Amino acid sequence: MIEFDVRTTDDGIGVVAPRGRLNMVAARQLRETLTGLVEGGTRRIVVDLAGTTFLDSSALGALVAGLKTARQAGGDLRIARPTESVMTVFRLTNMDKVLRARDDVESAFDV
Amino acid sequence: MSEGREAVDVFEAPVEPESLDLVQDRLETLWSHDESVSAADRIRFEMALVEIVGNIVEHAFELDADARGRLLTVALTLGPDQIEAVLSDNGLPAAIDLESATMPGEEATSGRGLALAVAAVDEVGYERVEGRNHWRLVCRRNAD
Numbered sequence: 550m551i552e553f554d555v556r557t558t559d560d561g562i563g564v565v566a567p568r569g570r571l572n573m574v575a576a577r578q579l580r581e582t583l584t585g586l587v588e589g590g591t592r593r594i595v596v597d598l599a600g601t602t603f604l605d606s607s608a609l610g611a612l613v614a615g616l617k618t619a620r621q622a623g624g625d626l627r628i629a630r631p632t633e634s635v636m637t638v639f640r641l642t643n644m645d646k647v648l649r650a651r652d653d654v655e656s657a658f659d660v
Numbered sequence: 074m075s076e077g078r079e080a081v082d083v084f085e086a087p088v089e090p091e092s093l094d095l096v097q098d099r100l101e102t103l104w105s106h107d108e109s110v111s112a113a114d115r116i117r118f119e120m121a122l123v124e125i126v127g128n129i130v131e132h133a134f135e136l137d138a139d140a141r142g143r144l145l146t147v148a149l150t151l152g153p154d155q156i157e158a159v160l161s162d163n164g165l166p167a168a169i170d171l172e173s174a175t176m177p178g179e180e181a182t183s184g185r186g187l188a189l190a191v192a193a194v195d196e197v198g199y200e201r202v203e204g205r206n207h208w209r210l211v212c213r214r215n216a217d
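If you read the protein sequences in the order shown, they are chains A and B. Residue 569 in our numbering sits at position 20 of the first sequence, and the numbers go up by one each step. Residue 190 in our numbering sits at position 117 of the second sequence, and the numbers go up by one each step.
No lab work stands behind these hints, which were simulated from the structure alone. The structure presented is a predicted model; accordingly, all values stated were derived computationally and were not measured. Glycine residues also receive a C-beta, built at the ideal position from the N, C-alpha and C atoms.
Quick look at which bits of chain B chain A covers, simulated, 3 or more residues with Cβ under 8 Å:
no., region
1, 84-94
2, 119-128
3, 171-183
4, 189-195
Kindly produce the complete structure, drawing on both the sequences and the hints.
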């Protein structure tokens, strides 16, 4: 099971924090959450992965889809604080350059 | 677990996305039999297992196939030298070539599963035997 915390910062950045396992079931939810934010006008999104214990290829696909949607709307999607398990997936799929891990949520859009 | 012994868990699961959580729960229980399995080995084995089960859920049956007739058997074996999973289902033959399972480009939103499984563990095998699909995953344990 997974829960998503969604909030918006004072700067208008959407922060999505999935807690638990991001597998095929949760990937659909993640994709809808990210699309919903962009459609609602939140074009800058940080996915906070500190509480994500596991992430599979379908969830990775949802992140890529969210990244594309945000960029098409003139924004961006960034990831912060991935666990070792999640970083392993990014590395094995060569996505660690595209989804460059940021050290914290607050500064994810600073550079 | 005493030296040289194996921990084995065999179970059936319905072929549906929700079974991924069941498989991951059972794997977590399996790990508790042997604290010495490294974090890196746990991560790569779980990753490959989830990708293959996900592949079966997505591709082994026609979308309109009767859910009650879809069966997946999972056998997990945790030994002193390696961790193994054997998955067997009664779905359609998988039209795959593991040799050519390559990672798609960074723009792709799907198609990374098998390549990820192949990259994560030491062996990924598939064969069709007597109307069933059989997948075998082997992760040779590393010291750290």
